[in-house]
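Enquirer: Heads up: the sequence lines are chains A and B, in that order. Residues 1098 to 1555 (the numbering used here) make up the first sequence, in order. Residues 1098 to 1555 (the numbering used here) make up the second sequence, in order.
A few of these clues could be false.
Copies of the same chain look alike in the list, so a pair counts if it fits in one copy or across any two.
Taking lysine to any residue pairs in the SDA-like style, the calculated list, with each CA pair at most 20 Å apart, reads [stated by the list, open to error]: (1) Lys1127 - Ala1137; (2) Lys1178 - Glu1193; (3) Lys1528 - Gln1269; (4) Lys1358 - Tyr1106; (5) Lys1103 - Lys1178; (6) Lys1153 - His1323.
Hints listed in this document are in silico derivations from the structure and should not be mistaken for laboratory results.
Protein chains: 2
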Amino acid sequence: MSEEKKIPYKIYLSEEEMPRDWYNVRADMKKKPAPLLNPATLKPMTAEELGAVFCKELVAQELDNDNAFIPIPDEIRNFYKMYRPSPLVRAYCLEEKLQTPAKIYYKFEGNNTSGSHKLNSAIAQAYYAKKQGLKGVTTETGAGQWGTALSMACAYLGLDCRVYMVKVSYEQKPFRREVMRTYGASVTPSPSELTSVGRKILAEHPGTTGSLGCAISEAVEDALSHEGYRYVLGSVLNQVLLHQSVIGMETKIALDKYGIKPDMIIGCAGGGSNLGGLISPFMGEKLRGEADYDIVAVEPASCPSLTRGRYAYDFCDTGKVCPLAKMYTLGSGFIPSANHAGGLRYHGMSPVLSELYDQGMMRAISVEQTSVFAAAELFARVEGILPAPESSHAIRAAIDEAMRCKETGEEKTIVFGLTGTGYFDMVAYEKYNNGEMTDYIPSDEDLKPGFDSLPDIG
Amino acid sequence: MSEEKKIPYKIYLSEEEMPRDWYNVRADMKKKPAPLLNPATLKPMTAEELGAVFCKELVAQELDNDNAFIPIPDEIRNFYKMYRPSPLVRAYCLEEKLQTPAKIYYKFEGNNTSGSHKLNSAIAQAYYAKKQGLKGVTTETGAGQWGTALSMACAYLGLDCRVYMVKVSYEQKPFRREVMRTYGASVTPSPSELTSVGRKILAEHPGTTGSLGCAISEAVEDALSHEGYRYVLGSVLNQVLLHQSVIGMETKIALDKYGIKPDMIIGCAGGGSNLGGLISPFMGEKLRGEADYDIVAVEPASCPSLTRGRYAYDFCDTGKVCPLAKMYTLGSGFIPSANHAGGLRYHGMSPVLSELYDQGMMRAISVEQTSVFAAAELFARVEGILPAPESSHAIRAAIDEAMRCKETGEEKTIVFGLTGTGYFDMVAYEKYNNGEMTDYIPSDEDLKPGFDSLPDIG
Chain A
1098 MSEEKKIPYK IYLSEEEMPR DWYNVRADMK KKPAPLLNPA TLKPMTAEEL GAVFCKELVA
1158 QELDNDNAFI PIPDEIRNFY KMYRPSPLVR AYCLEEKLQT PAKIYYKFEG NNTSGSHKLN
1218 SAIAQAYYAK KQGLKGVTTE TGAGQWGTAL SMACAYLGLD CRVYMVKVSY EQKPFRREVM
1278 RTYGASVTPS PSELTSVGRK ILAEHPGTTG SLGCAISEAV EDALSHEGYR YVLGSVLNQV
1338 LLHQSVIGME TKIALDKYGI KPDMIIGCAG GGSNLGGLIS PFMGEKLRGE ADYDIVAVEP
1398 ASCPSLTRGR YAYDFCDTGK VCPLAKMYTL GSGFIPSANH AGGLRYHGMS PVLSELYDQG
1458 MMRAISVEQT SVFAAAELFA RVEGILPAPE SSHAIRAAID EAMRCKETGE EKTIVFGLTG
1518 TGYFDMVAYE KYNNGEMTDY IPSDEDLKPG FDSLPDIG
Chain B
1098 MSEEKKIPYK IYLSEEEMPR DWYNVRADMK KKPAPLLNPA TLKPMTAEEL GAVFCKELVA
1158 QELDNDNAFI PIPDEIRNFY KMYRPSPLVR AYCLEEKLQT PAKIYYKFEG NNTSGSHKLN
1218 SAIAQAYYAK KQGLKGVTTE TGAGQWGTAL SMACAYLGLD CRVYMVKVSY EQKPFRREVM
1278 RTYGASVTPS PSELTSVGRK ILAEHPGTTG SLGCAISEAV EDALSHEGYR YVLGSVLNQV
1338 LLHQSVIGME TKIALDKYGI KPDMIIGCAG GGSNLGGLIS PFMGEKLRGE ADYDIVAVEP
1398 ASCPSLTRGR YAYDFCDTGK VCPLAKMYTL GSGFIPSANH AGGLRYHGMS PVLSELYDQG
1458 MMRAISVEQT SVFAAAELFA RVEGILPAPE SSHAIRAAID EAMRCKETGE EKTIVFGLTG
1518 TGYFDMVAYE KYNNGEMTDY IPSDEDLKPG FDSLPDIG
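Please build the complete structure, drawing on both the sequences and the hints.
Expert: Structure (structure tokens):
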């Protein structure tokens, strides 16, 4: 215990200790994630085909299954220094509250204006777009963290930023929208009249409040139809997990510095950007047989792509303009229940994580949202940070494990990712505070329409 | 320049380097701030009289004009470690954007869920209340930072927290309210039916949207009429400036560590809690003749207590239940123009700062709000932090000075306080983004009703 006490509340690396490379976990995977397919030919997407949608350098990163380390350009490292290194926090107060023998750490990515880890990939994607001489980028955003992050990166580099925001979020989260506008982005509610796919969806479903899959289709069409623009995406893709590896690299450096070896690593999982980034160097050790960790993905019971989805090729978007990805998926026709608050609502999961999960290298669990908000409230009160609903899935799992340790007396070391803050999610908190929040576990029948929407591919 | 580059983007002290004492600038003032007066007898408030409203230990701190250093209890230091030390940031990106030879630093107090520096005093006041065996505390809040901070501190210590929130804020800032509720506080729109002063104000002004002065009166009455409760205040008082000295102490330790001597120290000023805390150790050196600094208070042109107010005894609250304080004031009858966004709307100013200003130890300037939001937007885009409107007054002044340095070629070192983030102020940002924000400089005629409300005391 006396040795324990030497660990500060917050471990901050110095700027010199920040990683100089991203780590590409694919290099250590014997069986690689399945390639993206051209939906017309069903053949792997070539660099040239991908180059119409994505920046050149990002295409190279997307397709690179071999190089374990990709240097982080100085310009990106300088931007990182505005909000990184992020603290690895020892949750002393939570441990005391729970009276658990477990040692709990969390990597906190929320201390920046985007409020989440999304900035790690936004600056990288914007940087390569700028380097390529592009005018701007297009993207979609749901809860708004990604759109905000990209707006910040584009403002910094002087790039135009066009965001398609899921209509229901656009209307219910006007403040997120204003943050993006403050950073100079144009924000359009999706589906919109600006794109043919948007007009088509509006004609077929006049009352629709939009979806992430639909906003992706619009953003891609927008990029394809404007000279000097490319599309960027905040999760799912290999390149995004690569950029997000900075989270895990910093975590590992900080743990190593104090001689701490985690037993369990927990992350919330929507498209997989945070989880994939956090676990990457630990997964690398596990893949190379150098160490073992219990790696756990936590997803909402209402959107259970890993725990109840199928591992199959699927459309990434509603308009089916994107390549097909092999992933754990509920089908692009899946729509989360209306009572579902917060993000983590994408129908699929990162192909890298899907493959690792399929190989048995990680576990997945699902949790219900009232228990997630109960964990969020407890965490806020003792640790002083009001967490994002997404991050609170990981908090729930960490608390549950710490309580199991209390029963068994195990002194497990648990590390989880605290991806962001909940300052723009107070509508959901209000529901919880008023006792009006409900849970929803889809029945097999509820999942059927999604699975029926899966393309018929081997 | 090569030496310059060694200074990191963010200077983080270690937890061991955090100050162990608060610094009480009154100890170094030859002429002390004027004492609080009993409004009935017009005699200085005794410790016993103050003890009915405030905790014992806080009364002692309020009246202590002699001890320069007050030890920070371990329990408070441990709480501080959840979000402190806060970074001193070198604004490299802002400097580059402005192409100024000035060196700009800001002490960033916004990386905590209350979103501002208010937590520094909230935890201290809650701690002493708990130590005295009280059940709970009452307070008022306007923009909501102070109420949020106090809710967090009370949740941590298990104290009941009753917040009177200015009605217009309660209605326009429901998210702030929900943050406080998440931390277990009860939040009542003021004026309310819960207190006799609230009922009186409602009867006289049925359509009123409330004011800080009115909410103070209600919170004080609530504390006085409930066994085991005391009232706490987030600004103006000597004790608050004492607790906030942790900002300035950390700033000075960080600057000293890198051998940096500031020429100019800038802080926004409403009631004075941030400014008083930030400048305290520097003001101490100045008072002792050990160093000289250009110390600048920045206030809104629409609420110009230092630049256009009178130095006189005045009521601190609308209901006139509080002691009288000698301060620069616009009169308790002053009401800021409806177009004024954000905080810094209190009619008076900390007696400590008022006395120092009167002695010529610091300057004050006022700025108009559209220019403040222009500075906020520029700052957000280059430094990556969306600042609170209050903090942005200091940003405006720092940028103006840096631009003057650009003309003269002076390599001034400017330090300013970035008190918080603007995530709950997006209504104001939206107005600015839409070009709908206006300025307002009160005429002498506009200020007359406030001055007429001043009590007739020598």
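Enquirer: If a hint holds in the structure, say so; if it does not, say that too.
Expert: For each hint, the structure was consulted:
no.: 1; hint: Lys1127 - Ala1137; result: neither (29 Å within a copy, 84 Å between copies)
no.: 2; hint: Lys1178 - Glu1193; result: between (33 Å within a copy, 15 Å between copies)
no.: 3; hint: Lys1528 - Gln1269; result: both (14 Å within a copy, 18 Å between copies)
no.: 4; hint: Lys1358 - Tyr1106; result: within (17 Å within a copy, 30 Å between copies)
no.: 5; hint: Lys1103 - Lys1178; result: between (26 Å within a copy, 14 Å between copies)
no.: 6; hint: Lys1153 - His1323; result: within (17 Å within a copy, 68 Å between copies)
Comparing the model with each numbered hint stated earlier shows that hint 1 is the single one that does not hold.
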